[in-house]
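Those protein sequence lines, which keep their order, are chains V and F.
Under my numbering, the first residue of the first sequence carries the number 1, and numbering increases by one thereafter.
Under my numbering, the first residue of the second sequence carries the number 1, and numbering increases by one thereafter.
Calculated directly from the structure, the hints in this document are not laboratory data.
Treat the hints with care, as some may be off.
Under the rule of at most 27 Å between Cα atoms (straight-line distance), these lysine-lysine pairs were calculated in the DSSO-like manner [unchecked claim]: (1) V:306 / F:159; (2) V:388 / V:93; (3) V:221 / F:117; (4) F:159 / V:284; (5) V:222 / F:72; (6) V:282 / F:159; (7) V:365 / V:306; (8) V:306 / V:75; (9) V:221 / V:306; (10) F:117 / V:305.
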Amino acid sequence: MASDTTPNEAGDLTRRSVLKTSAALGLLAVPAVGLLSACASGGSEDKEGVGVDTADAVNPFKVDGKKPLEVVIFKGGYDDKYAIAQEAIYKEKFPESVITHHGIEDIRAEMGPRFNSKNPPDVIDNSGAQQINHADLANNGQYADLTPLLDAPTIDDANVKVRDTLLGGVVELGTYNGKFHVLNYGFTLYAIWYSGGLFAEKGWTAPTTWAEMLTLCEEIKKAGIAPWTYTGVHPYYLFDMMVTLAARHGGNDVIKNIDNLEPDAWRHASIKLALEAMADLKAKGYILEGSDGLDHRASQARWAKKDAAFIPVGSWLENEEKELLAADPNFEMKCLIMPPLDGSTNPNAVWAAPGEGFAVPQDAKNREGGLEYLRIMLSAKGREAFSKNTSSLTVVAGKTEGMPDSPGVRAANEALKTTATSAFPFKIDEWYPDFGKGILRPKLGEVMAGRLTPDEFIDTIQKAADDVKSDSAILKQKR
Amino acid sequence: MKRRKNLFVASFLVLPVTLYLVLVLSPFAQAFWFSMTNWNGTNPNYEFVGLENFQKLFTSELYSVYLIPALKHNAVMLIVVPLVVIALALFFAFMLNVGGRSRGGQMRGVGGAGFYKIIYFFPQVLSVVMIGVLWQAVYRSDEYGLLNSVLALFGVPLKSSGWLSDPSLVLIMVMLVMIWSSVGFYLVYFSSAMASIPAEIYEAAALDGSTRVQTFFKITVPLLFDSIRTAWIYLGIVALDGFALVFIMTPQQGGPDHGSEVLGGVMYNFFANGKAAMACAVGVILFFFTLSLMALSMRLTRRDRVEF
């Protein structure tokens, strides 16, 4: 290495002197970097909300039909064909408007920078595993207030407001800081699913109470079938068991207090009973061996093969396992809501968990068009486009246009009719994702796997909930 | 004169230095800056909060639940993975090159060495995603798992909490995959390094009656020291990462119950949870972690080179 030993004479270029010079240049450039990032910051100027003319059923938001409309759809379980069909309806109404459609999977990666640079699309279906937290965007004023949509007349009947057509809980679910920001469009029912064919063959009847459930589980076990399976890889599938059992036992306020971070909310006796019931299934050997390591598809496949009798999943199950279920004509998929524990005071409670959160960004160029697009989605034509393409219901109550008549859908409808008098939301997991994903979900998985006792769970979760409450940097929500 | 030359050199360096500044240094600087704000990844109006993020990472349960296990796991991986991979790769390379019987004074590998070399290299041609998916099927927790069905043949009952779904085992299972997928490459690497050791040295050792074990520790290892150090650094980088395997294979991507959390995964999770500033803070911690390890290893492995 000659340059290391050569004296650093004037006029002589050495590796070292070049490095020194470039390092100095680099230092000079650092302040420029600071300036660059400073460009990104700056206050969000307050834009006025969209107005609504409630007397105008045709164009209540005064959409400028010439303005283009950009729609971003999460391309997941529902795919994005339904949205293309709905965009066609908008185009029919405003033929001069140019519609841009994006069907994407990773919402955060593609839309995060656009929110950050105040250049968001006009409508966004912010869903999926990589969704941007609704609470973050709502808290920061990046979502438009959708209240005008609720007050607008529906497309199908000028005398009915959009608000009055939605299922109970939808408005509450989409409300952040007192304003309605997110329209959860797809209706999801969490339930326990079983094979009607298998039950008929073995002479079993669906249990109506938890005590009956345990008796039946013993019978199923004796028949050489595992009574239950579930996905341990995604423990949030277990929320349904916990919140439904607890709300049915102690009333919907048990869950409301949890969401509102009330002191000792997790220490309510109903929560403990619900968790003990869950842990009991594992302790009594009622759960398919290895369930805690199965992902949702693997556990559903074992269930579809009748290796396990019950599985807790959302109503998308039928669509997801279409092929497996079609292979067994005697399967006859049926569902029931978690049977209530002994002494339940609120046995009809059901967890309302609509999904596919649609929003109109505050900085969108065509917010009026965005609201009108949502109104179209909720109309009969829009619903038909959705249901036909996804075999799923929307959050418009009691409407089933375009739904295929399948056993799973019928079962969900039936369950909804008989039990939905007392629907409740469960929000803490979504409102505080660090708490939800970091602590609540993994610990619930541990309880179900039998590695954590309900008491340990409650202590840990209560402490974490108190941490959320005392952290002034976390903006709190209330319902 | 000097000025002119500097200008001349600078004219060549403008483009690469600018690219380096924009694409490498500025993201670094920005990460440091963002780690001291409350940026959530999507809000343009974030504020400066000082070192609060770092304090919370260690003291608030909500964040330490990710960070502390990740630091521990990366530290364990940093020790175990390079040690085991280098030991295995050296051993296999030795056996394949000079471990066999000497014939006519020539050192040879064990029979079928060429074939083994190819077999050992197989994992290297698979992408890390493939490896993850493959091993997920091997470790599957019910009776359809390859490992479980092989064990069943020997009458071993099904392990009730699975392999990857057992928080106390999951990290070991992931490390086994890392080791399995790395040994082949370092075997080939050490083999080629061994080829450059003059045969006379081995012959001399053999004449002096040195056993294989003595030859290995007294001849092969010292003469391969430079290669081993390089391997150590590369494997250290692999061990500090581990993100892809953890992400693909483990339940809850770093679980169960944070049992396989690694720093890269923690950054990802914080980004996904809308805590971009926290993610940047983890990146800064990782930066200093790596820097001090580098300094340490440079110091520890400094020694004279053996010329041959």
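Now for the hints, and whether the structure bears them out:
no. : hint          : verdict
1   : V:306 / F:159 : holds (22 Å)
2   : V:388 / V:93  : holds (21 Å)
3   : V:221 / F:117 : violated (51 Å)
4   : F:159 / V:284 : holds (17 Å)
5   : V:222 / F:72  : violated (45 Å)
6   : V:282 / F:159 : holds (14 Å)
7   : V:365 / V:306 : violated (52 Å)
8   : V:306 / V:75  : violated (31 Å)
9   : V:221 / V:306 : holds (12 Å)
10  : F:117 / V:305 : violated (43 Å)
Comparing the model with each earlier hint shows violations of hints 3, 5, 7, 8, 10; every other hint is respected.
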